[in-house]
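Novice: Here is what each chain is made of, one letter per residue.
Protein chains: 2
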Amino acid sequence: MRILVTNDDGIDAPGIITLVKYLSRSHDVQVVAPDSQKSAIGHAITIRTPIWAKETEVIDGVKGYAVNGTPADCVKLGLEVLMDGNVDLVVSGINEGPNLGTDILYSGTVSGALEGALMGKPSIAISCSNQSDPHYESAAKFLVDFLEVFNVAEIPRFSALNVNVPSVPYDKIRGWRITRQSSRRYRDKFEARKDPFGNTYYWMFGEIIEDDESDDADYVAINNGYVSITPISVFLTDWDFMEKLKEVKWG
Amino acid sequence: MRILVTNDDGIDAPGIITLVKYLSRSHDVQVVAPDSQKSAIGHAITIRTPIWAKETEVIDGVKGYAVNGTPADCVKLGLEVLMDGNVDLVVSGINEGPNLGTDILYSGTVSGALEGALMGKPSIAISCSNQSDPHYESAAKFLVDFLEVFNVAEIPRFSALNVNVPSVPYDKIRGWRITRQSSRRYRDKFEARKDPFGNTYYWMFGEIIEDDESDDADYVAINNGYVSITPISVFLTDWDFMEKLKEVKWG
Chain A
0 MRILVTNDDG IDAPGIITLV KYLSRSHDVQ VVAPDSQKSA IGHAITIRTP
50 IWAKETEVID GVKGYAVNGT PADCVKLGLE VLMDGNVDLV VSGINEGPNL
100 GTDILYSGTV SGALEGALMG KPSIAISCSN QSDPHYESAA KFLVDFLEVF
150 NVAEIPRFSA LNVNVPSVPY DKIRGWRITR QSSRRYRDKF EARKDPFGNT
200 YYWMFGEIIE DDESDDADYV AINNGYVSIT PISVFLTDWD FMEKLKEVKW
250 G
Chain B
0 MRILVTNDDG IDAPGIITLV KYLSRSHDVQ VVAPDSQKSA IGHAITIRTP
50 IWAKETEVID GVKGYAVNGT PADCVKLGLE VLMDGNVDLV VSGINEGPNL
100 GTDILYSGTV SGALEGALMG KPSIAISCSN QSDPHYESAA KFLVDFLEVF
150 NVAEIPRFSA LNVNVPSVPY DKIRGWRITR QSSRRYRDKF EARKDPFGNT
200 YYWMFGEIIE DDESDDADYV AINNGYVSIT PISVFLTDWD FMEKLKEVKW
250 G
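Chains as they are written, first to last, in numbering that gives the first Met the number 0: chain A, 0 to 250; chain B, 0 to 250.
Any given hint could be a false lead.
Note that the list lumps identical chains together, so a pair holds whenever it fits in one copy or between two copies.
Unchecked claim - Computed list of lysine-lysine pairs in DSS-like fashion (alpha-carbon distance at most 30 Å, straight line): (1) Lys140 - Lys171; (2) Lys20 - Lys248; (3) Lys193 - Lys53; (4) Lys248 - Lys140; (5) Lys188 - Lys53; (6) Lys188 - Lys62; (7) Lys188 - Lys245.
Calculated from the structure, these hints are not laboratory results. Bear in mind that the values here come from a model prediction, so they are computed numbers and not experimental data.
Take these sequences, add in the hints, and give me the full structure.
Specialist: Have a look at this one:
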């Protein structure tokens, strides 16, 4: 397959390098990725400033473009201009850390895959579940194997796969689970400080809340040693609530 | 009600000023909004740099904080620190231009409402359908009226409302429609130029694609002169595709 690879940790990040090494053994890979760290950028796009794309070599024999934009920008520019639409699959990752539960809303990695889905291409986001001790090779090897048994053309239009791989040696992965996006989320904390000029500023950090236990929850699969594969859509409509809303009448 | 107001066009934008004027007549309003333009920022959050919040007066008698962060940052900081959790409703807007179809994925305005939903608060995003000739007063007046007949406590946990108001005088609004998020999207175009140093750069712009006609599509309601009210969720799971995926077996 001809594969466009992007990420949000930047074109030099170890996750994308490992991914490209493995994918390029059996596929024609080209990288279009941010020139710097773009985590938690969400689905931002660049509309008021121009975008530069600098050609580079990511690993021996694999061409890449370092783009001063977001993952969504990279996918748009990659598909429309740099790879001329001739792409069978978009892969975004391997992210340094998981994209589980509501992470999906903030994730630049996932937004890269959703942008591919919007543009009509089969797309996969892939993340390594542990930021402090990442086993990128396990995630890369899993994806290569998965692509042997799964035909990406079966991904429906406007949908994508969000894959999280446990950060363990490959032979310790217990298999995969098809999961739903859980409500795993953060309780935000703010630490207030004073700058030298007397102004208050805040550092934000979060405690994870995992209270959505069931075998099909994305984070439960990871905690149990399985790869989590969640099919996600670009459509957010809440259909149940829609029916109730229809009963509200103009005053 | 005690209402936290945010937006993505910045705390000085005419849309938020008009919204605050109308809402504050019958509600206790406080503004926590970006100190500058943050359109198309998606659901970005600020995790590597600190956040400043500068107290200001948005209109006579309404306190605000100008924050050097994203709409999602504003909602987090507003709910956790500046308004001490004591909030009945989060309103994000009035956006300069529509948030219809796949705009929702890129929209800072919508991300403000989704962040409120994540934090357990009833939340509404509101946008004015026309960027070049915005009737903000119509949108603000509509929201005030809607809040008279709709009990926001009925918004389910982890869901929010995405409201788009036609940019016409108030008495020309034909009513409202409960809609689904359509596939209205953009065909991206890139114009390549050379900078003075010989490097290629690109300006991105998009042509709108509207090929998802049916009475319950969000943009169809707007094009027909109705307010579009779409219930949206923070969950993106594609349930139909999930069933098919379960048939794929490890090789």
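Novice: When no copy is specified for Lys248 and Lys140, does a C-alpha distance of 30 Å or less occur within a copy, between copies, both, or neither?
Specialist: between (55 Å within a copy, 16 Å between copies)
Novice: Is it within a copy, between copies, both, or neither that the alpha carbon of Lys20 lies no farther than 30 Å from that of Lys248?
Specialist: Cα proximity of Lys20 and Lys248: across copies only (25 Å, versus 58 Å in one copy).
Novice: When no copy is specified for Lys188 and Lys245, does a C-alpha distance of 30 Å or less occur within a copy, between copies, both, or neither?
Specialist: neither (38 Å within a copy, 38 Å between copies)
Novice: From the Cα coordinates, with 30 Å as the cut-off, is the pair Lys188 and Lys62 best called within, between, both, or neither?
Specialist: between (42 Å within a copy, 23 Å between copies)
Novice: When no copy is specified for Lys188 and Lys53, does a C-alpha distance of 30 Å or less occur within a copy, between copies, both, or neither?
Specialist: Close across copies (19 Å), not inside one copy (39 Å); limit 30 Å.
Novice: How do Lys193 and Lys53 come out at 30 Å by Cα distance, when the copy is not named: within, between, both, or neither?
Specialist: Answer is between; shortest inter-copy Cα gap is 13 Å, intra-copy 40 Å.
Novice: Since the copies are identical, ignore which copy is meant and state whether Lys140 and Lys171 lie within 30 Å (CA to CA) inside a copy, between copies, both or neither.
Specialist: within (13 Å within a copy, 59 Å between copies)
Of the numbered hints given earlier, the model fails hint 7 alone.
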